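Chemist: Each chain, written out:
There are 2 protein chains.
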Amino acid sequence: MIKFFEKDPYAPIQYSYEVSKILHSAKSDFQEIIVVENPHFGKMLILDGVVQLTERDEFFYHEMLVHVVMHAHPNPKKVVVIGGGDGGAVREVLKHDSVEKVYFIEIDEEVINASKKFFPSVACGMNDSRVEIKCMDGAEFVKDRDGDIDIVIVDSTDIIGFAKSLFTVEFFKSVKDCMTDEGMFVSLSESLHFHKDIVIEVQEEMKLIFPVVDLYTACLTTYAGNWWTFSAASKKHDLREMRRPYKIDTKVYSDEIHQQCFMPPKMYDKLMKRKLDW
Amino acid sequence: MIKFFEKDPYAPIQYSYEVSKILHSAKSDFQEIIVVENPHFGKMLILDGVVQLTERDEFFYHEMLVHVVMHAHPNPKKVVVIGGGDGGAVREVLKHDSVEKVYFIEIDEEVINASKKFFPSVACGMNDSRVEIKCMDGAEFVKDRDGDIDIVIVDSTDIIGFAKSLFTVEFFKSVKDCMTDEGMFVSLSESLHFHKDIVIEVQEEMKLIFPVVDLYTACLTTYAGNWWTFSAASKKHDLREMRRPYKIDTKVYSDEIHQQCFMPPKMYDKLMKRKLDW
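So the protein sequences, as listed, match chains F and B.
Basically the numbering used here = 1-based index in the first sequence + 11.
Basically the numbering used here = 1-based index in the second sequence + 11.
Warning: the hint list may mix true and false statements.
Copies of the same chain are indistinguishable here, so a pair counts whether it falls within one copy or spans any two.
Stated by the list, open to error - Straight-line C-alpha distance at most 30 Å; calculated DSS-like pairs for lysine-lysine: (1) 258 - 207; (2) 127 - 14; (3) 154 - 258; (4) 145 - 106; (5) 14 - 277; (6) 258 - 286; (7) 284 - 14; (8) 154 - 89; (9) 128 - 218; (10) 258 - 284; (11) 184 - 18; (12) 38 - 286; (13) 106 - 207; (14) 207 - 18; (15) 54 - 284; (16) 262 - 38; (17) 187 - 18.
Calculated from the structure, these hints are not laboratory results.
Since we're looking at a predicted model, the values are computed, not measured.
Construct the entire structure; sequences and hints are all you get.
Modeler: Written out as structure tokens, the structure reads:
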């Protein structure tokens, strides 16, 4: 039996997966891109040794990343997706009829190509006429916009290496400036179990820039640490409230989950005071 | 570097952990008992190749197993803990002043001994004068009681092998009969990510016996599948309502988490109709 051992130097548990087939193995200018097949999870996309998605469970992450801000916003028309070269976040954004334009900014074209070839059910939104793909640094893209964007979604690799530029105060400032007055922003912010300090740091940095910052979670099984956090920010509106009815087709996100996924107030307060004791 | 590779034949991901020291390795009449030390998680208890607890994160599971029913019940005095030979569940039960008696029923005395020796912070409640330890099959214990128990808590190994007797309709019937009219019951019921069918089956079987059955979850990082479920049942009272104030010392459970941990109604309905699509 062939096995793939994940190479996440920041996780105290190492995950490994049975490999029934190696479908793709290449090195782009940015990272090593591997696609394998696993009996349970189906095809798996692995970047620099870390699992980014599996066919079977990718929707947990993509739905939870995208639909919370998309329902908190009153009328999202122009959306920027940074990273997420697989196309999963773009696919979810396009489920919303209000959307007129998606700027899909992925630094590594090879990830887009691999996804189109091996993950058609994930990449399926990329050819939609509303989508404009740009292979460039997302931090550069938002710098040059001026106030017309409704929502910015960051779907990056872990907060190390070249993704670091997407987690700086400077970047958050550019994001804020590129958006309308009702603009909203969401980004992954690692695991509450393993990386509580990173979660706090991302929240603190966002608060330097945005008047409304919040935190919600989902339990993901193929990302080490599992209790995954999403840091969301807004220029005006509270993010816990839904401003549009839930009527899209999803597997795990729903109006019920929107209400339930945010960290409750007292727990949030404890977290930010570094008093959650683990 | 020494590594421990978990042997869970039902998990499609294999977990492995660095081992800085092997502290104990023995075979009881029931299972293989191993204790190792890991740089991140501290000491780890491993039964038949599956991680049961780590010093660092055991409280997530123990608090969530115990405190939901303990707060839903108006006045729990007599509590039965079946399994959980490490003592973690007993420790949590004893945090409640109302408790007068804990029957601690563990089939394998060797687990109790290993925990006393290697996990004093987990086993610490075992010497409390309110605790009566009996090394026997929990299913046998509840058969012989007659209606004086307030709460029954099952903290077993996975629903395979000798723990199977704790997941039968016959056992649930005995549990119901051993309790007062306000009696409540809780048991682990595996992972929503990996073992949805088992979750449904446990719920369905409990519903054959109890008028009130519910489901809540927590995200645990050292149990494969992570999105861990707890199946709770009651002879009378709804389980989502707290009937006693939250005033004990906990790290993750709280009155807020009590409200948030239950599966929301529409999602629960979808699950039970086998329409959750993963």
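Chemist: Which of the numbered hints are not met once you compare them with the structure shown?
Modeler: Failing hints, ascending: 3, 5, 7, 9, 11, 12, 16, 17.
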